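J.: The residues making up each chain are set out below.
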Amino acid sequence: MKNREDSDDDPLEEEAEATMSAGEEASADVPEEDHAALLSGLRRTLKVDGRRRSERRPPSSAMDVHGLRSAGGAASSMRQILATALGGQAAKRAVGQELRAAKRRHRVLEAPAKLTEAKSQRIAAYERANKDLGRWYGYVERNRLSEEVSFPLPATGAPRPQSVSDYRQRARVDIAVAMSADPDSAKGESGAAPTTSAPVVDDLESRLYRRLYNQTAIAEAAGLAAGNPQQQQQKNPNQLDGAKVRERLASNRRLIARRHFLEEKLKRQSRIKSKSYRKHARRAKLKQEEAELTALKDSDPAAFAERMAALERARADERISQRHRGGSKFARQQKLRAKFDDAARQAVQDMIQRGKELTEKTDGDANGDSSGEDSDAKSSGDEAAVQLPEDLVDDWNDGTAEEDKDETVPASLRPARSTGLSAASSTLASSAGQKRQQQQRSLELDLSHMPSLPTVDAAGDEDGDALEAASSRRSLARLRTDELLAEEVAETEADAKADFEREKAAVADEEQPKDVDLFLPGWNTWTGPGTRPVSEERRQKFVIKAPRRKRRDAAHGHVIIRERLGAGQALRRHLVKGVPFPYANAEQFEGAMRA
Amino acid sequence: CLFPVLIDQLNTHWPMKVKLLLRNPQDYLRETADDIHKLARNPAPELHPMSAETEYVRALNAAKLERMFAKPFLGCFGDQGDQLSRVCMHPRALSLCLSGCVDGRVAFWNIPRRSRVLQLDAHSGCVQGLCWHPEQDLFYSCCDTDRTLKAWRVGDDLTEFSRPVSQRHLDFAPLNLDHHVSKDLFALSGDAVYLYDSRRSDPVGQWKWGSDSVLQARFNPTEWHLLAAVTKDNALLLIDTRQREPLRRIRCEFRQNALCWNPQEPFVLATASDDYNLYSWDARRLASPACVYRGHTNAAMDVDFAPTGRELVSASYDCTVRLWESGRSQSRDVYHTKRMYRVFAARYSLDARFIVTASADFNLRLWKARASEKLGALTPRERAAVNTAEALKQKYAHHPQVRRIVQHRHLPKRLYQAQLEMKAIRGKQRRKEVNRREHRGEDKEPFVPERDRHVRGVDE
Chain A
1 MKNREDSDDD
11 PLEEEAEATM
21 SAGEEASADV
31 PEEDHAALLS
41 GLRRTLKVDG
51 RRRSERRPPS
61 SAMDVHGLRS
71 AGGAASSMRQ
81 ILATALGGQA
91 AKRAVGQELR
101 AAKRRHRVLE
111 APAKLTEAKS
121 QRIAAYERAN
131 KDLGRWYGYV
141 ERNRLSEEVS
151 FPLPATGAPR
161 PQSVSDYRQR
171 ARVDIAVAMS
181 ADPDSAKGES
191 GAAPTTSAPV
201 VDDLESRLYR
211 RLYNQTAIAE
221 AAGLAAGNPQ
231 QQQQKNPNQL
241 DGAKVRERLA
251 SNRRLIARRH
261 FLEEKLKRQS
271 RIKSKSYRKH
281 ARRAKLKQEE
291 AELTALKDSD
301 PAAFAERMAA
311 LERARADERI
321 SQRHRGGSKF
331 ARQQKLRAKF
341 DDAARQAVQD
351 MIQRGKELTE
361 KTDGDANGDS
371 SGEDSDAKSS
381 GDEAAVQLPE
391 DLVDDWNDGT
401 AEEDKDETVP
411 ASLRPARSTG
421 LSAASSTLAS
431 SAGQKRQQQQ
441 RSLELDLSHM
451 PSLPTVDAAG
461 DEDGDALEAA
471 SSRRSLARLR
481 TDELLAEEVA
491 ETEADAKADF
501 EREKAAVADE
511 EQPKDVDLFL
521 PGWNTWTGPG
531 TRPVSEERRQ
541 KFVIKAPRRK
551 RRDAAHGHVI
561 IRERLGAGQA
571 LRRHLVKGVP
581 FPYANAEQFE
591 GAMRA
Chain B
1 CLFPVLIDQL
11 NTHWPMKVKL
21 LLRNPQDYLR
31 ETADDIHKLA
41 RNPAPELHPM
51 SAETEYVRAL
61 NAAKLERMFA
71 KPFLGCFGDQ
81 GDQLSRVCMH
91 PRALSLCLSG
101 CVDGRVAFWN
111 IPRRSRVLQL
121 DAHSGCVQGL
131 CWHPEQDLFY
141 SCCDTDRTLK
151 AWRVGDDLTE
161 FSRPVSQRHL
171 DFAPLNLDHH
181 VSKDLFALSG
191 DAVYLYDSRR
201 SDPVGQWKWG
211 SDSVLQARFN
221 PTEWHLLAAV
231 TKDNALLLID
241 TRQREPLRRI
251 RCEFRQNALC
261 WNPQEPFVLA
271 TASDDYNLYS
281 WDARRLASPA
291 CVYRGHTNAA
301 MDVDFAPTGR
311 ELVSASYDCT
321 VRLWESGRSQ
331 SRDVYHTKRM
341 YRVFAARYSL
351 DARFIVTASA
361 DFNLRLWKAR
371 ASEKLGALTP
381 RERAAVNTAE
391 ALKQKYAHHP
401 QVRRIVQHRH
411 LPKRLYQAQL
421 EMKAIRGKQR
431 RKEVNRREHR
441 GEDKEPFVPE
451 RDRHVRGVDE
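First to last, the protein sequences are chains A and B.
So for the first sequence, full-length UniProt numbering puts the first residue at 1; every next one is plus one.
So for the second sequence, full-length UniProt numbering puts the first residue at 1; every next one is plus one.
Mixed in with the good hints, there may be bad ones.
As the list claims (entries may be wrong) - With beta-carbon atoms standing in for the labels, derived distance ranges: (1) A:Val-579 / B:Arg-294: 16 to 26 angstroms; (2) A:Glu-127 / B:Glu-53: 52 to 62 angstroms; (3) A:Arg-211 / B:Trp-224: 27 to 37 angstroms; (4) B:Glu-433 / A:Arg-548: 44 to 54 angstroms; (5) A:Arg-594 / B:Lys-413: 37 to 47 angstroms; (6) A:Glu-563 / B:Pro-412: 28 to 38 angstroms; (7) B:Ala-385 / A:Tyr-137: 33 to 43 angstroms; (8) B:His-225 / A:Arg-594: 46 to 56 angstroms; (9) A:Ala-310 / B:Glu-433: 46 to 56 angstroms; (10) A:Tyr-137 / B:Trp-224: 26 to 36 angstroms; (11) A:Arg-104 / B:Arg-437: 30 to 40 angstroms.
Stated by the list, open to error - Below, simulated DSS-like cross-link-like pairs (lysine-lysine); rule was C-alpha separation at most 30 angstroms, straight line: (12) A:Lys-267 / B:Lys-413; (13) B:Lys-208 / A:Lys-119; (14) B:Lys-413 / A:Lys-273; (15) A:Lys-244 / B:Lys-232; (16) A:Lys-244 / B:Lys-338; (17) B:Lys-232 / A:Lys-114; (18) B:Lys-183 / A:Lys-131; (19) A:Lys-267 / B:Lys-423; (20) A:Lys-577 / B:Lys-428; (21) B:Lys-413 / A:Lys-265; (22) A:Lys-265 / A:Lys-279; (23) A:Lys-550 / B:Lys-64; (24) A:Lys-114 / B:Lys-208; (25) B:Lys-208 / A:Lys-577; (26) A:Lys-265 / B:Lys-338; (27) B:Lys-150 / A:Lys-577; (28) A:Lys-577 / B:Lys-395; (29) A:Lys-273 / B:Lys-338; (30) B:Lys-208 / A:Lys-131; (31) B:Lys-428 / A:Lys-267; (32) B:Lys-338 / A:Lys-267; (33) B:Lys-432 / A:Lys-545; (34) A:Lys-119 / B:Lys-232.
Simulated from the structure, these hints should not be mistaken for lab results.
A quick note: this is a predicted structure, and the numbers were derived from the prediction, not measured.
Ideal Cβ positions, reconstructed from N, Cα and C, are used throughout, including at glycine.
Using the sequences provided together with the hints, build the complete structure.
T.: As structure tokens, then:
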């Protein structure tokens, strides 16, 4: 539709053509003059704007780049424009105008008439099909709105036999009937094709066609119904041998299935989390690798060398890194390699040794530690992979030497020594972490101008030495305040905890549904003195127990999760949230629900 | 008073006034001694202040019972030895269907007995097309490997089964086959759509648009001259057999694997797409699909309309069968079993109550179209109970609890996960769109409805 509006074609003419092509062939032999006259007459009577159909013209020798020649008649020929352009401003303006006008007139060539005609025919045909389909709209709408649909089964369906034996029996009976009625026709029936099978087309037309186009394949196809199928199979080049095709298909399917099974198996295995399974799998893999390597050594030395080179590369990588563990994947591979290489065995030994040294627990013994470091430096020095520049190595050694001087005492004691505190406080400090130490230092500063506690005084008097007494007093005072502070914190914490627990219990109590006591007060009590009061057992029978619910915050000691169980809350999940689709407002919906 | 006029007349003769009280014994008498006692019930609304609540609970219970009785799987037809590619229901008999196998065998089934009536070694490759003659006891089968079209007679004479009654060698590989509703014409789809007359050797019509081959072409069952076709280059073609060229081509985003016309609504057709969706199209407005059916988690391989025209069934590569209400984008039900593999074909039975599916696990399966429907005769009371339950479920369908129960389906983990994943992907895309719209403005990023997102263009 859109294209039809765009095109310059005469709409009337196009429609006439469309109907002509769609209609009978009889209208095709109307003379062209008559047709043109008819169209022009129609145009006059209907007052249709008769725009001209665009045509392709043969190329002319004159220069006509932008359609300038035909644009403005004699005044706008290129030569004249160029001549006037040499003049003043007015002439330039004129040229500009001309160019703009030419640009406006410039158009892309339209598609050839053959294509546009085919398209317009398609569009017209589609519209006709639309119209045909549109006729069903009322029926369809009625059907959609109706409560029931009727779709009767075709009445022509004959009762069917139910099994092969039924078939056989019926077939026998039928053949017998046919034989007795008309033996000739029965014979003919058994061999000949039924009514809808393609009969051999052997009329004059088809023979001519075959002779003209020599289409043997078509001739074959036509004659196949009566012919010998084996013979035809040989003639048809496209047809493969049935058995071969089937075999090929089957093998393809098998391959696909096998791949699929393998994929599934691997997927399944990758999901197994069992440690023992993993261990076994690892060992099996290692064994397999080992076997492969030994096999390779004999069968394919080049590949073996390559594998060994890869292992060597891995070893070098490992040396660069800091992983010197015995149980790593790398180590396992190295052990495997060591089977074929003595040097590698030694390297593995070294590595394990070094790993042990590195992971050795550092005790207070500074000498052992430093010696370990030295040996490390030595061992790393002879490694080819880690070749540090000499000046860097010197720096490193200097640094360690200075550190060593400092580290005559364990690292944890160093800050204590620098502040000049006694051993008693320093041991305490060493037990705590670095953070704690800093805290202590700040505490110490605060405490320096605090009055000393009496117990501390007593301790100081006992000592005698004034300086030492002062220092020890101060340290003891710090200890004491620390304890006090801790106690205070603990107390407030306990208070807060108790408060919280009380609050939590109150909330739980509030949110727990209460038992309902249906025992009416006064029952069995008004009959006067001497009667027995109701037993507790009997009374309890009238109490309906509220269900005990597990609270969501039961497992979390530090949280209260309120579960508001008002009537509205419990009902909320049963309520419709918005107005559902066919209803316009809430009133409508409520009305529908009430009905 | 029941007959005031009559009684007035009587009054003129008799001075006595007659009062009549009519009672139906069925309202207060039991049918048998074993029956429950009938209770008189006063329907006055003020006596039943909790009637609305009672009704709601009954609706909830009806929904739960529906799910309890939802047992859609009726049976499996037995191992066929290879993957099944096609199913074709008999056009007149309810109980018969054909199945086509990948290894070229065609089997003829009795559905209620789940027994194979006969089996033919029809072709040497995958059976690509299978269709019945609408009036005679004939069916056609075609195969792309041996490039033949064969007609088989299913009459009473067993000798006819062993070989085809007629056979054509084609110079193209046929990919599907459909028979005209009434005439002796059939449409073969291959490198183009070919229309064959069964009495002529050459095709009487041929349509092609683009270079790729046609996967399936089907006749409109009502407007017989119309054909729709889906092609390998993701297009949907509309063809008028009276025209030399196809009418229109719709270029879709993904390949459409199968198509089906609505038997009750002549301008509606549905296609099963590779992008996991089904689409329904209005042939009069092909610029965008009329509805997008979302739910599968892998390509939809086949689609079929129920004979009522109100429901759809689709077979999918995700090993499920889904049932849809026409025009609703969410599926009504999803069927799966542990052993059912990729489903290649699904067809409704002629009474719209059953579904037959063909899958890659070599089996043909029979399902109920309504999962919780009771098979067999219903007593009047049962019928009444079923109707009441249906009415209640319909009335309370918008209530969240009822909807939750009715919609709930237990799915295998992989399907459930795939659904979650698709949901996440969709959510992410939507969020991104909204963000972009907010950032760039409504005019630069206009909202595009779901229907308009799947069509690349329409060629006229």
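J.: Against the structure, test the hints numbered earlier, and report the numbers of the ones violated in rising order.
T.: 10, 16, 25, 27, 33
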